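K.L.:
These are the residues of each chain, in order.
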Amino acid sequence: MMLMSQAHGLLVITAEEAEQLGRVSGLTIDPRTRSVVGVRLSGAPKHATAIAWDRIEGVGRSAVVVRSVTAAGAGRDDLPTHHEILGKRVLTENGSEHGTVKDIAFDTTTGHIHTLYTALGDISGNHLLGVGGYAVVVRGA
Amino acid sequence: MITPLLASELTKRVVVTLSGEAVAQVKDTVFDFKAGRITGFTLSGRGLLAGPLKVSLPFSGVHAIGPFAVMVPSAAVLTERKAVLAAHEAEHGQVIGAPVLTDRGTEAGTVLDVVIEAGSSGRLIGFEIAMKEDTGTGHERRRAFIPRGEALAVSGRAMIVPAHARHFVADDLPSFGAQVEAFRRHTARPSHLTPTTTEEAQA
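Line by line, the protein sequences are chains A and B.
The first sequence: position 139 = 139 (this note's numbering), numbered continuously.
Just remember that this note's numbering sits 1000 ahead of the position in the second sequence, which is counted from 1.
The set of hints was computed from the structure by calculation and includes no laboratory data.
There could be a bad hint or two in this list.
The list that follows gives simulated cross-link-like pairs (lysine-lysine, DSBU-like), each with its CA atoms no further than 30 angstroms apart [unchecked claim]:
| # | chain 1 | residue 1 | chain 2 | residue 2 |
| --- | --- | --- | --- | --- |
| 1 | B | Lys1027 | B | Lys1012 |
| 2 | B | Lys1034 | B | Lys1132 |
| 3 | A | Lys88 | B | Lys1027 |
| 4 | B | Lys1012 | A | Lys102 |
| 5 | A | Lys88 | A | Lys102 |
| 6 | A | Lys88 | B | Lys1012 |
| 7 | B | Lys1027 | B | Lys1082 |
| 8 | B | Lys1054 | B | Lys1027 |
| 9 | B | Lys1082 | B | Lys1012 |
Derived list of chain A stretches under chain B, where covered just means 3 residues or more per stretch with a C-beta under 8 angstroms from a C-beta of chain B [stated by the list, open to error]:
| # | region |
| --- | --- |
| 10 | 95-106 |
| 11 | 126-136 |
Since the model is a prediction, treat every value here as computed from it, not as a measurement.
Glycine included, C-beta positions come from ideal geometry on N, C-alpha and C.
Extracted from the complex, chain A is given alone in its bound form (with noise of 0.2 angstroms):
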């Protein structure tokens, strides 16, 4: 488990290279899988600006590690939109607000999130419902 604030500024690297393609500057979630899909990069070059999740090898507390150069640039055109999440409005799906993302825990390994933290109270990651431009839209208790 490891929280998104923490993954936020991580080395990306590739294994076969030990090229270092930038760093983590956002993930992006996918609402109906309630999982991490991919992994935005800051000061990377054009083709490596977001890396699909199902090619990364390895999140550590140093760095994320990704196969190859060529392996980083494959899968990322299926991603979903990007909307940053930390600090977004939540709402519930009863139209009432809950606070704002203060983070999330997610599984390095399958993605999954696992919980919302918000100023008032946790939200389990399987009552997401979406992540939007404008908010992110959670079960009703």
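Chain A is already provided as a structure; the job is to place chain B on it using the hints.
P.N.:
Positioned in the frame of chain A, the structure of chain B alone reads:
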């Protein structure tokens, strides 16, 4: 448990899809006073220069009306403006400011706002009125809530409430939910014999 909501508070409320996108904001709430429910919403765009939208939101497309937002499953539920406005144009919007009369012919006050039930029912549960009271020393006006009665009639000219509804007047919105439930229990028997809608028969 009924959570009451003032219809005027819905104006400018953001319309959000379950996938988290803001698609519009509420411009006006359109009521079907006969059926006692919301027909739908006319919409305007979001932002400073946004005007009225060509699409509207029929109530069938609403997932829930909440204290912060009106939730919809997706932007696909928005339809032509005409679909919401056409059917109830005559009854639309005219009730605010209309005098309130009891079925005994007493003037109870004037309509300030419409009270609806939060959630997904779209039920119109009552009215906020400026009460007219004879205190002996002159007329005093106070704000109060009256449940929508079974025999209520509403037109652009006046609103008629059953005389017994006055016993269930609440001074503030939170206690109004409980008052409405009490009112429903009180009127449960006659409405059971002659239900006006299936909804009310179940209530």
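K.L.:
Evaluate each hint against the coordinates.
P.N.:
Structure-based check of all given hints:
no.: 1; hint: B:Lys1027 <-> B:Lys1012; in the structure: holds (6 angstroms)
no.: 2; hint: B:Lys1034 <-> B:Lys1132; in the structure: holds (25 angstroms)
no.: 3; hint: A:Lys88 <-> B:Lys1027; in the structure: holds (25 angstroms)
no.: 4; hint: B:Lys1012 <-> A:Lys102; in the structure: holds (27 angstroms)
no.: 5; hint: A:Lys88 <-> A:Lys102; in the structure: holds (8 angstroms)
no.: 6; hint: A:Lys88 <-> B:Lys1012; in the structure: holds (21 angstroms)
no.: 7; hint: B:Lys1027 <-> B:Lys1082; in the structure: holds (15 angstroms)
no.: 8; hint: B:Lys1054 <-> B:Lys1027; in the structure: holds (12 angstroms)
no.: 9; hint: B:Lys1082 <-> B:Lys1012; in the structure: holds (20 angstroms)
no.: 10; hint: 95-106; in the structure: holds (count 3)
no.: 11; hint: 126-136; in the structure: holds (count 8)
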